[in-house]
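First to last, the sequence lines map onto chains L and C.
For the first sequence, my numbering gives the first residue as 1, with consecutive numbering after it.
For the second sequence, my numbering gives the first residue as 1, with consecutive numbering after it.
Quick caveat, the hints were computed from the structure, so don't treat them as lab data.
Small disclaimer: the values here were computed from a predicted structure and weren't measured.
Quick reminder that beta carbons are idealized off the backbone N, C-alpha and C, glycines included.
Just so you know, nobody snuck in bad clues.
Simulated restraints on C-beta separations: (1) L/Arg116 <-> C/Gly89: 43 to 49 Å; (2) L/Val95 <-> C/Ala131: 29 to 35 Å; (3) C/Gly154 <-> L/Lys137: 48 to 54 Å; (4) L/Leu133 <-> C/Val10: 24 to 30 Å; (5) L/Leu134 <-> C/Val10: 23 to 29 Å; (6) C/Leu22 <-> L/Gly53: 24 to 30 Å; (7) C/Thr88 <-> L/Thr94: 54 to 60 Å; (8) C/Leu100 <-> L/Gly91: 48 to 54 Å.
Listed below, chain by chain, are the residues.
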Amino acid sequence: MRHRQAIALLALVGLFVALYLWLHALGFGGAIKCGASGGCETVQTSQWAVFFGLPVALYGVLGYCAIFVVAIAALRPAALAQRSWNATLAGLGTVGVGFTAYLTYLELFVIHAICRWCVGSAVIITAIWIVSLLSFKSPVTRTDRAASLPPRGPQA
Amino acid sequence: MNRFYVVLTVLAVVLGITMFTLLRSGGGAPAAAAGPPPTVADDGFRGYSLGQGSAPVEITEYLDFECPVCATFATVQMPTIKEQLINTGRVRWKFRDYPLPIHKYSRFAAHAAQCAGVQGRYFEMQDQVFAHHQWAQTGKDPSNLFRSLAQAAGVDLNAYDVCMQAGRYAQRIEYSRQEGDSLHVDGTPTFFVNGKKLDFRRLPGSDDFKAIADSIIAHAPTPKPRH
Chain L
1 MRHRQAIALL ALVGLFVALY LWLHALGFGG AIKCGASGGC ETVQTSQWAV FFGLPVALYG
61 VLGYCAIFVV AIAALRPAAL AQRSWNATLA GLGTVGVGFT AYLTYLELFV IHAICRWCVG
121 SAVIITAIWI VSLLSFKSPV TRTDRAASLP PRGPQA
Chain C
1 MNRFYVVLTV LAVVLGITMF TLLRSGGGAP AAAAGPPPTV ADDGFRGYSL GQGSAPVEIT
61 EYLDFECPVC ATFATVQMPT IKEQLINTGR VRWKFRDYPL PIHKYSRFAA HAAQCAGVQG
121 RYFEMQDQVF AHHQWAQTGK DPSNLFRSLA QAAGVDLNAY DVCMQAGRYA QRIEYSRQEG
181 DSLHVDGTPT FFVNGKKLDF RRLPGSDDFK AIADSIIAHA PTPKPRH
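Sequences are here, hints too, so could you generate the full structure?
The following block contains the structure:
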């Protein structure tokens, strides 16, 4: 359960990072806050900031939304004992890490600029991926009613 | 479990406030550098030049940094022109600013080039601004991008920031624009050869300028030998 909670919290932070970048890509908020290097503008205005006609940040918003929703759904009492949720989260995390690795490669070797927000997102999705893999090792949470109810005493 | 949802809610609120603050304080291009100055003064500056002072042909280009045609000309034609005409001592090429009012950030870009120019990096900055011309299609504030381009051009950013914030060359740029008006510049890029306006029906290429330079040099009077 702790793993799924951690993933939900991380996905929420990642969602806000991606949302900020997406809103900036849509023209909200003026210059992006990126420190002294200015690498974010270089990355955001490059041709690789658009993927299949949509801003890359939008894929981040959708991805983090999906992870967040699945993590919250997996925290329902009825779902806690189901290990298939771990596999779903690990699958989403793997896709996210793969896409992030591709974008980081572009930043380092093609665009030659580093966007701090993108680095932040890369750290978050990597953490989600690692936690989702660790969740396979954790014992199944018992949610059966018999385990949660107090022992019955003799009938009066 | 309940405590987790409290933490989640608090985190969402904090992140929401942070993002709202970030979007509201998005900054922007310094007004002093991005807008026209209240007054205009002639500081005697007549543009950055490429080529030898003794070159028989002087071409003056009035350009707008946000203009896509200017960017195409700079990135496609200029390398050949530099190689064949400027570096061979036949042509001197002078750049003058003519920021068009339809472009939101062209004056700002011209100012960035001037602030790089005072550090001896005008041409490097011009190359950067034209080579990364995607900024002109986004309509977004390019101030952070220009800082990174200035850095790539070898400009000292502290001095650059002071120059941009102060709008130090706003009057120089406006003077150049008004000079262009007086010479009937009606678009960018507009070219003058030895002071005479060239009228092209299309974007000229390096071959056009080579032909013009050849013609002027061929008709130039040859100096008489001394006896």
